[in-house]
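J.: Protein chains in written order, with the numbering used here: chain A, 11 to 902; chain B, 235 to 343.
None of these hints come from the bench; they were simulated from the model.
Be a bit skeptical, because a hint or two may be false.
[As the list claims (entries may be wrong)] Restraint ranges, calculated between C-beta atoms of paired labels, are given here:
no., chain 1, residue 1, chain 2, residue 2, range
1, B, ARG299, A, LEU456, 54 to 62 Å
2, B, THR294, A, PRO152, 45 to 53 Å
3, B, SER271, A, SER124, 40 to 48 Å
For each residue, glycine too, the CB sits at the ideal point set by N, CA and C.
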Amino acid sequence: MIVRLSNCLLRAALPSDEATETILNDLSEELRMRREGGRGWVHGIWYSWESLKLAAHFTLLRLDGRSRGPSRPAPAPSGNRRGTGDQRMGLESWIQDLRFAVRTFARDRVFTASAVLTLALGIGGSTAMFTVVDRVLLRPLPYEEPDRIVAIRQIIERWKEIANLRDSWDRARLHPDQFALFRDEATSLSAIAVHNQVKRVLRGEAPPELLSVGRASSGLLDLLGVVPARGRWFTREEEGDKNGPVPVVVLSDEFKRSHFPEAQEVLGTSIVLGDQAYTVIGVLPSGFHLREFAPGQVDDGHRDLWIPGGHECCYKWEAIGRLAPGVTIKQAEAQLQSYLPEIAPGTRRFRVIPLRQAEGEKLATPLILLLGATGLLLLIACGNVATLLMGQLAHREHELAARTALGASRARITRQLMTECALLGGMAVLVGVGLAHTLTPVMVRLGPTLPRLDDVGIDVRALAAGILAGGACVLISGLVPAMIASGDSLHSRLQRGSRSFLRRASRLSSFAVVLELALTTVLLVGGGLLTRSFEELMDIDPGIETEGLTALFTRLEFADAEDGLHEAFRKGEEIRLALESVPGVTAVTVSADLPFISKPWSTTIFLPGEVRGSTSLFWQVDHDYHTAMGIPLLSGRLLTAADREASASVAVISESLARANWPGRSPLGETFWLNPEDPPVSVIGVVGDVRHESLADRTEPVAYMPLDGRWGRLPRAFAIRSSRRPEELIPELRRAVLATAPGTLIEVLAPYERLVARSASVERFRMVLTTGFAVMAAILAGIGILGVTARTVASHRRELGIRMALGAREQRLVWEAVRRHLRLAGAGILLGVLLALGSSRLLAGFLFGITPADPVTFVSVTLGELGLALVTIYVPARRIAALEPATVLRPE
Amino acid sequence: MTDLQLGQFEQAVLIAVLREGAAAFALEVRRALEVDSGRPVSRGAFYTTVERLKRKGLLTWETVRPEGESRATMQRRFSVTPAGLAALRDAKRFLEARCASLEQVLGES
Numbered sequence: 011m012i013v014r015l016s017n018c019l020l021r022a023a024l025p026s027d028e029a030t031e032t033i034l035n036d037l038s039e040e041l042r043m044r045r046e047g048g049r050g051w052v053h054g055i056w057y058s059w060e061s062l063k064l065a066a067h068f069t070l071l072r073l074d075g076r077s078r079g080p081s082r083p084a085p086a087p088s089g090n091r092r093g094t095g096d097q098r099m100g101l102e103s104w105i106q107d108l109r110f111a112v113r114t115f116a117r118d119r120v121f122t123a124s125a126v127l128t129l130a131l132g133i134g135g136s137t138a139m140f141t142v143v144d145r146v147l148l149r150p151l152p153y154e155e156p157d158r159i160v161a162i163r164q165i166i167e168r169w170k171e172i173a174n175l176r177d178s179w180d181r182a183r184l185h186p187d188q189f190a191l192f193r194d195e196a197t198s199l200s201a202i203a204v205h206n207q208v209k210r211v212l213r214g215e216a217p218p219e220l221l222s223v224g225r226a227s228s229g230l231l232d233l234l235g236v237v238p239a240r241g242r243w244f245t246r247e248e249e250g251d252k253n254g255p256v257p258v259v260v261l262s263d264e265f266k267r268s269h270f271p272e273a274q275e276v277l278g279t280s281i282v283l284g285d286q287a288y289t290v291i292g293v294l295p296s297g298f299h300l301r302e303f304a305p306g307q308v309d310d311g312h313r314d315l316w317i318p319g320g321h322e323c324c325y326k327w328e329a330i331g332r333l334a335p336g337v338t339i340k341q342a343e344a345q346l347q348s349y350l351p352e353i354a355p356g357t358r359r360f361r362v363i364p365l366r367q368a369e370g371e372k373l374a375t376p377l378i379l380l381l382g383a384t385g386l387l388l389l390i391a392c393g394n395v396a397t398l399l400m401g402q403l404a405h406r407e408h409e410l411a412a413r414t415a416l417g418a419s420r421a422r423i424t425r426q427l428m429t430e431c432a433l434l435g436g437m438a439v440l441v442g443v444g445l446a447h448t449l450t451p452v453m454v455r456l457g458p459t460l461p462r463l464d465d466v467g468i469d470v471r472a473l474a475a476g477i478l479a480g481g482a483c484v485l486i487s488g489l490v491p492a493m494i495a496s497g498d499s500l501h502s503r504l505q506r507g508s509r510s511f512l513r514r515a516s517r518l519s520s521f522a523v524v525l526e527l528a529l530t531t532v533l534l535v536g537g538g539l540l541t542r543s544f545e546e547l548m549d550i551d552p553g554i555e556t557e558g559l560t561a562l563f564t565r566l567e568f569a570d571a572e573d574g575l576h577e578a579f580r581k582g583e584e585i586r587l588a589l590e591s592v593p594g595v596t597a598v599t600v601s602a603d604l605p606f607i608s609k610p611w612s613t614t615i616f617l618p619g620e621v622r623g624s625t626s627l628f629w630q631v632d633h634d635y636h637t638a639m640g641i642p643l644l645s646g647r648l649l650t651a652a653d654r655e656a657s658a659s660v661a662v663i664s665e666s667l668a669r670a671n672w673p674g675r676s677p678l679g680e681t682f683w684l685n686p687e688d689p690p691v692s693v694i695g696v697v698g699d700v701r702h703e704s705l706a707d708r709t710e711p712v713a714y715m716p717l718d719g720r721w722g723r724l725p726r727a728f729a730i731r732s733s734r735r736p737e738e739l740i741p742e743l744r745r746a747v748l749a750t751a752p753g754t755l756i757e758v759l760a761p762y763e764r765l766v767a768r769s770a771s772v773e774r775f776r777m778v779l780t781t782g783f784a785v786m787a788a789i790l791a792g793i794g795i796l797g798v799t800a801r802t803v804a805s806h807r808r809e810l811g812i813r814m815a816l817g818a819r820e821q822r823l824v825w826e827a828v829r830r831h832l833r834l835a836g837a838g839i840l841l842g843v844l845l846a847l848g849s850s851r852l853l854a855g856f857l858f859g860i861t862p863a864d865p866v867t868f869v870s871v872t873l874g875e876l877g878l879a880l881v882t883i884y885v886p887a888r889r890i891a892a893l894e895p896a897t898v899l900r901p902e
Numbered sequence: 235m236t237d238l239q240l241g242q243f244e245q246a247v248l249i250a251v252l253r254e255g256a257a258a259f260a261l262e263v264r265r266a267l268e269v270d271s272g273r274p275v276s277r278g279a280f281y282t283t284v285e286r287l288k289r290k291g292l293l294t295w296e297t298v299r300p301e302g303e304s305r306a307t308m309q310r311r312f313s314v315t316p317a318g319l320a321a322l323r324d325a326k327r328f329l330e331a332r333c334a335s336l337e338q339v340l341g342e343s
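Taking the hints into account, I'd like the entire structure generated from these sequences.
T.: As structure tokens, then:
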């Protein structure tokens, strides 16, 4: 990319003849030779720097030739002109230019500070965002030959219709049988491995701790080219079989450091996960992360421990492979596809994608859109600095005329002005990169979990991005003013005076203001749409009464299924009684799962005579669940304590399940089957729909049945309704639980309102960031308009003074100035609205309840910007009223 | 004796091209110049100088694909024209004459 951009720059700058291509070829050859030494991106920067130097050389040569005019001979064919002596002269004059620029900026500190800060804001914002994008999407993965590592997934069309599988239909994982087949037979892959993540409770002398545990097949580490820091990885024998793996464990470096003293030998020691002891056989190197795709959330790839696995049932295994030498992704995909008839003909197909791409899935679009927003902010900052520079150059007209009179060529003056811009850009890069250094960790902390952002900070790549952004700023904001300022010949300067320059400066500033306002409109519309969408999202009824409701989610693990179940129910009842005894608690309900905390089970419901069935979520709850949660009863009755003991199965169903299966009639008394062999389940009541994972999800059909120990569901979740505020109650609830059941691992204990709000944290982050950029852009645009109006009023001072002396009314003059600039602002806003209409479609996937062309947002942004423009125009225009004709017309 | 006087850098470029012979591609010539002078040679200065030497008729080039190496692109192979050789000889004579007169001056003082 960077090389292509550099080539474009060179083609534009070099004379268009056959030599140009060979110069490009020379540079490319040198780049190729350098790249053979590795570290491609360093050489990319080298290439762009060399191209920039070459382009600047030829541009200055061309400008120099033009300023001499056609009657003057071309550069004298003297060998001394371009020799080393000339190079020294060039360096000296460059230092002279730099000294002059430092003096100029030191004189006008207000201008310098505002220009540097404006640019720094743009550079800082875009560098911070680039740092995040680079870590998450661009940087090669830290494995051996990362380009050869691929993720293997399946596309299963049928899953689109299944409630809790819908999000994964095009990235379904592998079945253990598929993994076993590919491992033994797929020659297109030199290695294949599977892994996934589970939660396990670490038990021991210390209080129980919930850990993130990776399960993986034996070949994983070899495939990635990672060597354990100590000990070894699992062998194929240790993977075990369908009865379970051998209890061995490999620790992450972070876990080893936090749980074992420095000197202690960990290999051979034992740790207890759940009720099983595992022997430590290895420790991984520091910083080892491996992400898995999980619908609805972003995995940061961190695991405390790794245990062997690969044989557990169903589609639970995230598969990665290493392409065999010479095999392409397409060939590997075709070979895997060829095994399909043996597994499940015609129902699915395999998808092989580079692991880097798989890691960035779902993250690329929002991150790139945010990077685009910072790019717009950068452009706005450039436009602002361009107007500031034009204002400053207007004051320096006499100095420029004097320099021209003393023989300075156009190229010489351009170079002087560009040196000043480069100095300005350099200062802005320093401040901007510092800003990014502070801003990036804050952004990462505020935002949702993203992979590979553990030690986020400014590194060489981010610095290069900052410098590149600074260079772009200098070119955009400095080149045009410099060209205009140096464009006049001495003759024309003397003939037309400074008014001609002021007129052109004013034209350029007007153009910059129109552009700034247009881009600001685009950002404000983006921010406005996301804000409106977020409001709509927050207005969505979760289906439960969250006020005064607290959620408690415990983690129970029992080795023996029969005794474990009995023990869990006894413990659940004890905890329920303890919670009820806390003052202020009005109701406590027990269930296997709770909305917004745990992922519910999905099941197939069969109506009488139906073979195919339909999918529904399946919740097992206590009899007072709906009352305590505030889920309204629409018809029939709720579950009772007697239903749990009764021999006949009953269910309360959600409104959407009733609508889907018994459209237009009452489902009460109707029956369905969860399993054709089981007795039928009677519908006894219909309740309102509930959102289960996030407010952004659609409501799914649900069947609620008594929590009676069938299907192995444990009473681990408690919802507590109270007359006191949940925040006050939480410490007492925690004490009550731990006093009754010491060693209980509390995974979640939080007010329900916070859990519901947290489910929209990604949307909130996106909205806050975009709106933040948009507000910054609006402030910059406001400053831009203020500056242009003030300068125009100042440049028309004499004319206004004459008109006032001739009797023109002050109000009329102010109105004229406002009208003139308001037209300009109107043009910018109109252009912005048109651009926003086109670009807001990119946000369509992130909007809830509104369209990308939401009229409320567009009208509010337009009116808001017009208001901003009016204020920033009116304030300086009012200065006309302070003009005294006699003072203005007195000779300077 | 030719009418053209060569600058120091132009002389260096012509000498480097002569020395590199059949392998006088831009990369090699610029590298030779850097080795000779012991300092980096700017690409801009180099390409401007070869253009000027071409305009003066002292240097010429053909665009070829370098053989026997892994290079894949077309590149310019430079060669010095007879006029270039003559100019270099003049420069040498001029320098020798100057050196002789310098010896004379130094000897007298």
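J.: For every hint, state whether the structure bears it out.
T.: Structure-based check of each hint:
1. ARG299(B) - LEU456(A): 54 to 62 Å: holds (55 Å)
2. THR294(B) - PRO152(A): 45 to 53 Å: holds (52 Å)
3. SER271(B) - SER124(A): 40 to 48 Å: holds (46 Å)
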